[in-house]
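Number of protein chains: 2
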Amino acid sequence: MNAQPQSLLLPDPLPLDGGAELARVEVAYETYGTLADDGSNAILLCHALTGDQHVASVHPVTGKPGWWERMVGPGKPIDTDRFHVICPNVIGSCMGSTGPASEASDGRPYAMRFPVITIRDMVRAHVALLDVLGIDRLHAVVGGSMGGMQALSLAANWPERTERVLVIASTSRHSAQNIGFHELGRQAIMADPRWQDGDYYGGEAPDSGLSVARMAAHITYLSEEALTAKFGRNLQDRPDGTKGAKSFGFDADFQVESYLRYQGSGFTRRFDANSYLYITRAMDYFDLAEEHGGRLADAFAGTTARFCLVSFDSDWLYPTSESRHVVHALNAAGAAVSFVELSAPHGHDSFLLDVPALDRVVQGFLA
Amino acid sequence: MNAQPQSLLLPDPLPLDGGAELARVEVAYETYGTLADDGSNAILLCHALTGDQHVASVHPVTGKPGWWERMVGPGKPIDTDRFHVICPNVIGSCMGSTGPASEASDGRPYAMRFPVITIRDMVRAHVALLDVLGIDRLHAVVGGSMGGMQALSLAANWPERTERVLVIASTSRHSAQNIGFHELGRQAIMADPRWQDGDYYGGEAPDSGLSVARMAAHITYLSEEALTAKFGRNLQDRPDGTKGAKSFGFDADFQVESYLRYQGSGFTRRFDANSYLYITRAMDYFDLAEEHGGRLADAFAGTTARFCLVSFDSDWLYPTSESRHVVHALNAAGAAVSFVELSAPHGHDSFLLDVPALDRVVQGFLA
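Going down the list, the protein sequences come from chains F and A.
Numbering follows the numbering used here, with no gaps: position 186 of the first sequence is 186.
Numbering follows the numbering used here, with no gaps: position 295 of the second sequence is 295.
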């Protein structure tokens, strides 16, 4: 659909949780729909780890449709006939917002000189963007997965900025297992000799390592049931035409192997390995309770926003118990909150896929 | 304890499922306890993916105790005062049995010229070993994880060779998710430029890739609950003495990161990367039903052995449903089978850890 791809330079340096300041912060974003004269219909949409601002527009690198075309558009659950949707690329990423591949003040890419950022830092950049755009108070902030972390962080740290908070398939903190999977991805990237301590710009990128990292992550995005339903133990047809036979070699015999290799290598065309390091680090650092003295309910003290949390029964990355944990804290803080666990077979990726019940929840909550 | 480390050359070439024959097959093994005059007290113990024959003896590389010291020994559940325990290193491995690091007929290591093997090929070598040792019929075959696959394969393909079959935390086939995790490990190894298409012997080994593969596997061996209980989001103390603080860098801040890195790098000292490729491939190829016309019950037709299957409620690698699937097939085949799901917090690795209920089941079944 007709997106407005835009980018702007934040007027002030961005203070970061790590103590540094980031100067000359560019934020790339897309908008959909028209902002009402009173500014009351803005929705901030926050993307996930490897997402970007191309919510419902063709991706400039892959040529594929936007990642939430099914959800965002005229007459869709996030109805752009009614709402003005703003989706910024998070800082640390690689689709136009300032990140490790961006030029530092010396004209060379930051690479690993880029400061380690947090989810709150990403949201701080979003809020600075909203300031520039003149949007004081959002109709809603919406996000799935890491997008949900941003929505929670905005609700906790800038409670006056939004009326509604919609958090899908997310968590208020990364578990040891979550951290473990990310760490293995980072080690795969850093083990790639092309990584060169992050100074690979202008040369060959550490695609092998990034591809392995993506394969690992991708397994966690799907349920065991979804993988079984989609691939099971089905074999690929062999290059010589033999139908579904084992090669007794190390080619991709199983369809699931071929699929994961494809997911891994395809990802390297559109994503920067250093961005993967920084964003996974931000997610691993995320612990909303810790930011607020150790008690999650205190993160939401005095909030007047309405919350909606959605989990999926097949999501083992951020299982329902994580959403319930947030709901209990919101209850303890006296916040208005609704919560639903949806049944969907796809695992964590359900939030991106065809789950009509999710459409209804999103549409109803934003109405 | 007092193991008898031994090795022998099989008298005949070993026919393989892939169609080739493996000549001059060496089988390294350890024995514990004394074989009865009538040969009736032998137990074949089958090790897991990265296990070896050092069940209850000090590992020659790491200097650590054997991997099942708690289970095997005088007066222990597998009582070496009563039983003669034989544990062979599987072919394809790297602890003495013929594998990719072994010399081929041209005097150079096989490397990737080693044929792709199956679980049944491993068991075929075990049976050839038993033939040489003069053991016609085992008191029991016992194994956990990949060891359980070998036990099932022996029961299905050489049903006359054992009276009892004890299968712990295992499966009759690898799922798409199981294959996915293995494939990502293989890709990590093959992406390491030191791998050199497998021809790294005598030079630097692909330790970085192997380490990443091990990290991935290790996450699957533990339950989310176990990782949370053991590490949670606990931070490491910093090298400068700061107690548990974030570095805002890419050091191992979280204890779980440090643990996984240690598991990964420690593994490379004792294991050969090509062996990891071959053994994971054998596990991925494992599908006992497929070997027997597609119906698992047919794999056990006419068996007279008694079976015992044990699963752990926190094992998400080979969950209880996989054991139950085998039990249903054994029921359909009219076999004598007992089955228990044990409650243990550790995940798949429970079979190696302190689970007293497992000790009682093992002891009772072998009595």
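Treat the hints as calculated values from the structure; they're not laboratory data.
Note that the structure is a prediction, hence the values are computed from the model and not measured.
Built from N, CA and C at the ideal position, the CB exists for glycine as well.
Worth double-checking, as some hints may not be accurate.
[To be verified] In silico negatives: residues of chain A with every beta carbon more than 10 Å from chain F:
1. A128
2. I179
3. Q187
[Unchecked claim] Examples of chain A residues lying across from chain F (beta carbon under 7 Å, computed):
4. A191
5. S208
6. D251
7. F254
8. G266
[Claimed, not checked] Facing chain A, according to a computed beta carbon distance under 10 Å, are these residues of chain F, among others:
9. P13
10. L16
11. G185
12. M215
13. H218
14. I219
15. G232
16. F254
17. Y259
18. P319
19. L353
We went through each hint and held it up to the structure:
Non-interface call for A128(A) relative to chain F: holds, since the shortest CB-CB distance, roughly 20 Å, exceeds 10 Å. Listed as outside the interface, I179(A) is inconsistent with that label: its C-beta sits roughly 5 Å from the nearest C-beta of chain F, within the 10 Å cut-off. Its closest Cβ contact with chain F, about 5 Å, brings Q187(A) to no more than 10 Å, contrary to its assignment away from the interface. Annotation: A191(A) was flagged as interfacial toward chain F, and the flag holds, the nearest CB pair being 4 Å apart, inside 7 Å.
Taking 7 Å as the C-beta cut-off, the interface hint given for S208(A) holds, the closest approach to chain F being about 4 Å. A distance limit of 7 Å between C-beta atoms decides the matter here; for D251(A) the minimum to chain F is near 11 Å, and the interface restraint is violated. For F254(A), the shortest C-beta to C-beta distance to chain F is roughly 5 Å, which falls under 7 Å, so the interface hint holds. Because the closest C-beta pair between G266(A) and chain F is about 14 Å apart, greater than 7 Å, the hint is violated.
At about 17 Å, the closest approach between the beta carbon of P13(F) and any beta carbon in chain A exceeds 10 Å, and the interface hint on this residue is violated. For L16(F), the shortest C-beta to C-beta distance to chain A is roughly 9 Å, which falls under 10 Å, so the interface hint holds. Residue-level restraint check for G185(F) holds (minimum Cβ-Cβ distance to chain A is 9 Å; threshold 10 Å). Satisfaction of the interface hint for M215(F) is found here, the shortest Cβ-Cβ separation to chain A being roughly 4 Å, below the 10 Å cut-off.
Against a cut-off of 10 Å between C-beta atoms, the interface hint on H218(F) holds, since the closest Cβ of chain A lies about 8 Å away. Checking I219(F) against chain A by beta carbon gives a least distance of about 5 Å; that is within 10 Å, so the hint holds. A hinted interface residue such as G232(F) counts as satisfied when its beta carbon comes closer than 10 Å to some beta carbon of chain A; here the least separation is about 6 Å, so the hint holds. This hint holds: F254(F) has a C-beta 5 Å from the nearest C-beta of chain A, less than the 10 Å allowed.
The closest approach between the C-beta of Y259(F) and any C-beta of chain A is roughly 8 Å, which is under the 10 Å cut-off, so the hint is satisfied. A hinted interface residue such as P319(F) counts as satisfied when its beta carbon comes closer than 10 Å to some beta carbon of chain A; here the least separation is about 8 Å, so the hint holds. Because the closest C-beta pair between L353(F) and chain A is about 17 Å apart, greater than 10 Å, the hint is violated.
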